[in-house]
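The residues making up each chain are set out below.
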Amino acid sequence: MILSFFTRQFNFFDRFEEQVSHAVEAARFFKEVVAQDRVSEEMLSKMAQIEHQGDNVAHTIIEQLNKTFITPFDREDIHTLAKELDDITDMINNIVSRLRVYDITGVDKNLVEFAAVIEQSVRAVARAVGGLRHIKNVRVVFDACVEVNRLENVGDMMRDRMLAELFTTAKDPIVVLKWKDIYQDAETVLDVCEDVVHVVDSIMVKQA
Amino acid sequence: MILSFFTRQFNFFDRFEEQVSHAVEAARFFKEVVAQDRVSEEMLSKMAQIEHQGDNVAHTIIEQLNKTFITPFDREDIHTLAKELDDITDMINNIVSRLRVYDITGVDKNLVEFAAVIEQSVRAVARAVGGLRHIKNVRVVFDACVEVNRLENVGDMMRDRMLAELFTTAKDPIVVLKWKDIYQDAETVLDVCEDVVHVVDSIMVKQA
Amino acid sequence: MILSFFTRQFNFFDRFEEQVSHAVEAARFFKEVVAQDRVSEEMLSKMAQIEHQGDNVAHTIIEQLNKTFITPFDREDIHTLAKELDDITDMINNIVSRLRVYDITGVDKNLVEFAAVIEQSVRAVARAVGGLRHIKNVRVVFDACVEVNRLENVGDMMRDRMLAELFTTAKDPIVVLKWKDIYQDAETVLDVCEDVVHVVDSIMVKQA
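Protein chains in written order, with our numbering: chain A, 36 to 243; chain B, 36 to 243; chain C, 36 to 243.
The following block holds chain A by itself, in its conformation from the complex:
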């Protein structure tokens, strides 16, 4: 199997699994953050640190890609995958920053709901990326991709419901403005997860 040929050199599969583990950690921590009354300075730093670690792996992958002649799959796909996995962690970090910048206090049940769906989706992304290592995992990868697509639709409907509710009930335009951004960002995380599995899916098809 061509995929197992690269184990002794720089291992793109190991690095992608490492990168996606930071995304999972970001999603897990995000769930913790939104269950608190407000984003503390410590949470902000911890989230930034997770983001930074993911970023480092992305850089390592792209640097290595630029130096490597033969790669386990399309160079373009490696580049896109590293970049889009990075976007997941980035976007989650963005929401946490925004909660702090907008000085949001109190637990918002909508955001708690979103954080749970985001975690599910990122974990499915991790299964998809983990499965890339071998063509025999095609079923696992495929199921994870379907799940991520499903959760993206769920997120679309959640955001629409939350926005409709927000515009109906909130009296203060500033409140509307803040939460509109936050729910939109939350939904964007699920969009990015879907982008990642599109790449994974297309890598699998090319190997088949």
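Honestly, the hints are just simulated from the structure, not real lab data.
Virtual Cβ for every residue (Gly too), placed ideally from N, Cα, C.
It is possible that some hints are incorrect.
Here are the simulated DSSO-like cross-link-like pairs (lysine-lysine), alpha carbons at most 27 angstroms apart as the crow flies [said to hold, decoys possible]:
id	chain 1	residue 1	chain 2	residue 2
1	C	K144	C	K206
2	A	K102	C	K118
3	C	K241	A	K241
4	B	K171	A	K215
5	B	K102	A	K241
6	A	K206	B	K66
7	B	K118	B	K81
8	B	K144	B	K206
9	A	K215	B	K215
10	B	K171	B	K118
11	B	K171	C	K102
12	C	K215	A	K206
13	B	K118	C	K118
14	C	K81	C	K144
15	C	K241	C	K118
16	A	K81	A	K215
17	C	K102	B	K241
18	C	K171	C	K241
19	B	K206	C	K215
20	B	K144	A	K215
21	B	K215	A	K206
22	C	K118	B	K241
23	C	K81	B	K206
24	B	K81	B	K215
25	B	K215	A	K118
26	A	K215	C	K215
27	B	K118	B	K66
28	C	K215	C	K144
Part of the chain A face toward chain C, derived, beta carbon under 8 angstroms [stated by the list, open to error]:
id	residue
29	K102
30	S132
31	Y137
32	D138
The hints should help you fit chains B and C onto chain A, whose structure is shown.
Relative to the frame of chain A, chains B and C by itself:
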């Protein structure tokens, strides 16, 4: 002519024409929607269905691309074209959803104006994509590309005029917030049309 | 050195230097604009003209790319670089348009601060792009890339500080809405600069 060599196999040209026909249908239906007092549940479903059909063609194209060794033009261009044609229908669907989520009622003459320009632009995109099939269509394709670029500039000016008017006349910040999003989205459809014809143009140049 | 082989034909290095010079001019002019009480019709035209010139160079590069068989570095990188350099000038032009559409008057010290950082970043981008011409410039290019990354972080913090301040002090939601867009756009210029140096960095690594 290399372009006519692929007629008996999976035909990328046929699929692209099919995909762009869904975009045209979306644009045509959008004009109908904005002429009504409000977005009904039925309009929402019909629009989502058009979007879904376009999405299916995009998936078929990308799936086939991943399985095909020789393609009528650059793989990268096929991928980008399928994705960006999909974005046209997606964006139009987004606006219709937004009209419903924001609970917009009444016919807005600005949006009617935008819908007409969008339809013109998407029809020009269709001419450009349809012309891809043969290098002899270079003039038709080129003219359509110029038209789409022109309409993107028109859209920019329309959005700026509408936003300036909105900020001057609307008293309610929530109203400003809603229509700012809607006009911005409308202009984005024209941006995406321009992205599509950039790809079409570059495919034509490479064939020449 | 492979890089110096193309001097007698269409010279991508010359064109990229020309393109980046329009971005520098846009950044320099932007600093001038934000020091004025309001955006005049003349400033709007001048900015649009700079943007148009940059756009023309981008088109020339991409057109030439489509006709050229051998390029000094990856086709994909040339395409991305031309597009993203264009995005810098575009984004600066967008902010100037927005200032006019939103009918902003008076000098905003935050925006003055942002304009200074943007100019620094675009000048560093110019050093990076200028250095591409020869591998011996690797240190200059590398230092410029580091500087652009640093300024992107500075911009993130600036935007967060400005938004937090805006939400705390502004009473009028329309004012919040306008400045939120403007500061966000300003930060996006720095993001785009970072995207550009990522491409430059990866070109340098591949040549090394």
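Hint-by-hint comparison with the structure:
no. : hint             : verdict
1   : C:K144 to C:K206 : holds (19 angstroms)
2   : A:K102 to C:K118 : holds (24 angstroms)
3   : C:K241 to A:K241 : holds (25 angstroms)
4   : B:K171 to A:K215 : violated (49 angstroms)
5   : B:K102 to A:K241 : holds (6 angstroms)
6   : A:K206 to B:K66  : violated (32 angstroms)
7   : B:K118 to B:K81  : holds (21 angstroms)
8   : B:K144 to B:K206 : holds (19 angstroms)
9   : A:K215 to B:K215 : holds (13 angstroms)
10  : B:K171 to B:K118 : holds (26 angstroms)
11  : B:K171 to C:K102 : holds (18 angstroms)
12  : C:K215 to A:K206 : holds (20 angstroms)
13  : B:K118 to C:K118 : holds (18 angstroms)
14  : C:K81 to C:K144  : holds (23 angstroms)
15  : C:K241 to C:K118 : holds (20 angstroms)
16  : A:K81 to A:K215  : holds (25 angstroms)
17  : C:K102 to B:K241 : holds (6 angstroms)
18  : C:K171 to C:K241 : holds (14 angstroms)
19  : B:K206 to C:K215 : holds (19 angstroms)
20  : B:K144 to A:K215 : holds (26 angstroms)
21  : B:K215 to A:K206 : holds (19 angstroms)
22  : C:K118 to B:K241 : holds (18 angstroms)
23  : C:K81 to B:K206  : violated (33 angstroms)
24  : B:K81 to B:K215  : holds (25 angstroms)
25  : B:K215 to A:K118 : violated (30 angstroms)
26  : A:K215 to C:K215 : holds (13 angstroms)
27  : B:K118 to B:K66  : holds (23 angstroms)
28  : C:K215 to C:K144 : holds (15 angstroms)
29  : K102             : holds (7 angstroms)
30  : S132             : holds (6 angstroms)
31  : Y137             : holds (6 angstroms)
32  : D138             : holds (7 angstroms)
Of the numbered hints given earlier, the model fails hints 4, 6, 23 and 25; all others are met.
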